[in-house]
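Protein chains in written order, with my numbering: chain A, 1 to 158; chain B, 1 to 158; chain C, 1 to 112; chain D, 1 to 112.
It is worth saying that the hints were derived from the structure and are not from the lab. All figures in this text were calculated on a predicted structure; none of them were measured in a lab. Incorrect hints may appear among the rest.
Said to hold, decoys possible - Straight-line C-alpha distance at most 27 Å; calculated DSS-like pairs for lysine-lysine: (1) B:113 to D:2; (2) D:19 to B:113; (3) C:84 to A:113; (4) C:77 to A:113; (5) B:36 to D:84; (6) A:73 to B:113; (7) A:74 to B:113; (8) B:36 to C:2; (9) C:93 to C:80; (10) B:74 to B:36; (11) C:32 to C:84; (12) B:74 to D:84; (13) C:19 to C:42; (14) A:36 to D:2; (15) B:36 to C:84; (16) D:32 to B:113; (17) C:93 to C:19.
Unchecked claim - Output of the computed footprint for chain B on chain D, the stretches with three or more beta carbons under 8 Å from beta carbons of chain B: (18) 61-68; (19) 87-100.
Said to hold, decoys possible - One-sided excerpt, in silico: chain C residues whose CB lies under 10 Å from chain A: (20) 17; (21) 22; (22) 56; (23) 63; (24) 72; (25) 74; (26) 75; (27) 84; (28) 91; (29) 100; (30) 108; (31) 110.
Ideal Cβ positions, reconstructed from N, Cα and C, are used throughout, including at glycine.
Next come the chains, spelled out residue by residue.
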Amino acid sequence: MGDEVEKENTGHARELEISFGSHLGYLDLVQELSDKISLLVGFDEDARYWIGLSVRESVTNAVHHGNELDEEKKVGVRFESWPDRLVIYVQDEGEGFEESDVPNALDPENLLKPSGRGIFYVRSFMDEVCYEILPEGGCEMRMEKRLNNQKQGDGNEN
Amino acid sequence: MGDEVEKENTGHARELEISFGSHLGYLDLVQELSDKISLLVGFDEDARYWIGLSVRESVTNAVHHGNELDEEKKVGVRFESWPDRLVIYVQDEGEGFEESDVPNALDPENLLKPSGRGIFYVRSFMDEVCYEILPEGGCEMRMEKRLNNQKQGDGNEN
Amino acid sequence: MKIESRSVNGVTILDIHGKITMGEGSRGIRDKVRESLDGGVKNILLNLGDVSYIDSAGIGELVSSFTTVTNQGGQLKLLKLTEKLEQLLAITKLTTVFDFFDDEAEAVGSFS
Amino acid sequence: MKIESRSVNGVTILDIHGKITMGEGSRGIRDKVRESLDGGVKNILLNLGDVSYIDSAGIGELVSSFTTVTNQGGQLKLLKLTEKLEQLLAITKLTTVFDFFDDEAEAVGSFS
Ligand SMILES: Nc1ncnc2c1ncn2[C@@H]1O[C@H](COP(=O)(O)OP(=O)(O)O)[C@@H](O)[C@H]1O
Ligand SMILES: Nc1ncnc2c1ncn2[C@@H]1O[C@H](COP(=O)(O)OP(=O)(O)O)[C@@H](O)[C@H]1O
Numbered sequence: 001m002g003d004e005v006e007k008e009n010t011g012h013a014r015e016l017e018i019s020f021g022s023h024l025g026y027l028d029l030v031q032e033l034s035d036k037i038s039l040l041v042g043f044d045e046d047a048r049y050w051i052g053l054s055v056r057e058s059v060t061n062a063v064h065h066g067n068e069l070d071e072e073k074k075v076g077v078r079f080e081s082w083p084d085r086l087v088i089y090v091q092d093e094g095e096g097f098e099e100s101d102v103p104n105a106l107d108p109e110n111l112l113k114p115s116g117r118g119i120f121y122v123r124s125f126m127d128e129v130c131y132e133i134l135p136e137g138g139c140e141m142r143m144e145k146r147l148n149n150q151k152q153g154d155g156n157e158n
Numbered sequence: 001m002g003d004e005v006e007k008e009n010t011g012h013a014r015e016l017e018i019s020f021g022s023h024l025g026y027l028d029l030v031q032e033l034s035d036k037i038s039l040l041v042g043f044d045e046d047a048r049y050w051i052g053l054s055v056r057e058s059v060t061n062a063v064h065h066g067n068e069l070d071e072e073k074k075v076g077v078r079f080e081s082w083p084d085r086l087v088i089y090v091q092d093e094g095e096g097f098e099e100s101d102v103p104n105a106l107d108p109e110n111l112l113k114p115s116g117r118g119i120f121y122v123r124s125f126m127d128e129v130c131y132e133i134l135p136e137g138g139c140e141m142r143m144e145k146r147l148n149n150q151k152q153g154d155g156n157e158n
Numbered sequence: 001m002k003i004e005s006r007s008v009n010g011v012t013i014l015d016i017h018g019k020i021t022m023g024e025g026s027r028g029i030r031d032k033v034r035e036s037l038d039g040g041v042k043n044i045l046l047n048l049g050d051v052s053y054i055d056s057a058g059i060g061e062l063v064s065s066f067t068t069v070t071n072q073g074g075q076l077k078l079l080k081l082t083e084k085l086e087q088l089l090a091i092t093k094l095t096t097v098f099d100f101f102d103d104e105a106e107a108v109g110s111f112s
Numbered sequence: 001m002k003i004e005s006r007s008v009n010g011v012t013i014l015d016i017h018g019k020i021t022m023g024e025g026s027r028g029i030r031d032k033v034r035e036s037l038d039g040g041v042k043n044i045l046l047n048l049g050d051v052s053y054i055d056s057a058g059i060g061e062l063v064s065s066f067t068t069v070t071n072q073g074g075q076l077k078l079l080k081l082t083e084k085l086e087q088l089l090a091i092t093k094l095t096t097v098f099d100f101f102d103d104e105a106e107a108v109g110s111f112s
């Protein structure tokens, strides 16, 4: 019987990966998964909420911009749980994009745009965010949230 | 904007896959995932409960018997949602087993054994169950539940 | 998402229930707002007290409803922001754009 | 899982709360039952009314508690099975093995 369910402090990551055809109907599911995993890592309710939102925004982008809602194309989400942090990778089969091409959501001319805030929110709530165009094709986003630094989206990150 | 979240009746499957290091701490998560997906397919509450239990038993076996709780070894669960049924694959990195070697849980000499009921329950609640030792190594279980045949575990299946 | 519409002292209040997200059909608000404008309404109050979740697409929906109404010479204000929604508006500087209230009577009275 | 122990008319009632599953440390029941036997108790009633979930390992735990008590000349009975738990016991023919009750007083009175 496995009576021990606590994560040991072995200093290596516990991994969980999920992948699915590009459909927005899976967003809630992935967000709930994120909630459960951030709870296991030890994040408080607020942090879990913002991590969940960041995952949701990133998966929405992967489904929408990356895979252009083509259900044949997969989105993969990998959660790496470390004793002191959670690292999340979101992968799609799209062509990727240049982060420098993304308009700043806070510029006065963008303030009243109906879109363009997703990545900005992710950057506000997570400690580290980067994008990579994969050599084998597709685009991968990596975001990291540290446990001892549960910042509350103060908007000073951009 | 993707206003359509319903599953179209296109006659092909929607797939979702999850994989994780062999640890019993993920059981609840996978079971909740199963619940969500069987809800999307359209199973009623009772059916969802028994599908969830079957997934839980199968993943427990994969973690416990297949991968022997070695966290380096992965368990993979794949959900194939069809308009009329849900097919679930549970894969581990173990050596597999012969189903014919599994003692019948209902034999009088097994009735008071402290274990050996997992597969029996799965067979009772799902419409089809089979195991395969994979050519690339590992063991895969396939189980199927049909939508129009939500049988309530009446124990007539063994 | 579900939207109910009612009228108080010449202000149309849209009570929004549930999730305003990319997956949930956030366009509904924009459509309902346009419908009200077409019916001759100028003053619209979005009651967000019963919104369970909102993402960036939902925030965008609020913004585009705002610009639509403003461009038609009307006013759109917000009622009952949850703490999380207020934070989302704040970090994208939208608290400087929207008028928002906790009290319905006060909100209704604020329209000129 | 959490277990509380109380005594009613010479019967030890173990009130079990939460999940009895492989992941939750189902061994707890067996240990608690053995503890009671070591303390000289012969009659044990497992109150399962507050069990939120049980899997095959949990069912096995009930069975092994049963055989432990029986082997020591005691009696172990079950109180307040949920519908699902009763179904699980039924399809593995364990309803023929266990005595079970819905009413606590009746259950306590049934011990010889
Ligand atoms: N996974 C992706 N693949 C391709 N392009 C992306 C991806 N994620 C984001 N983008 C680009 O970055 C832009 C900004 O994204 P975001 O800040 O989330 O706002 P929005 O999705 O509302 O446009 C998108 O419009 C798109 O051009
Ligand atoms: N994934 C697996 N890999 C290897 N052996 C397995 C696997 N699943 C089940 N078995 C074998 O089948 C037996 C019966 O399994 P089960 O009915 O679930 O009962 P239990 O797990 O309580 O023994 C196990 O004891 C084990 O020997």
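* Can you give the numbers of the hints that this structure goes against, from lowest to highest? -> 6, 7, 12, 20, 24, 25, 26, 29, 30, 31
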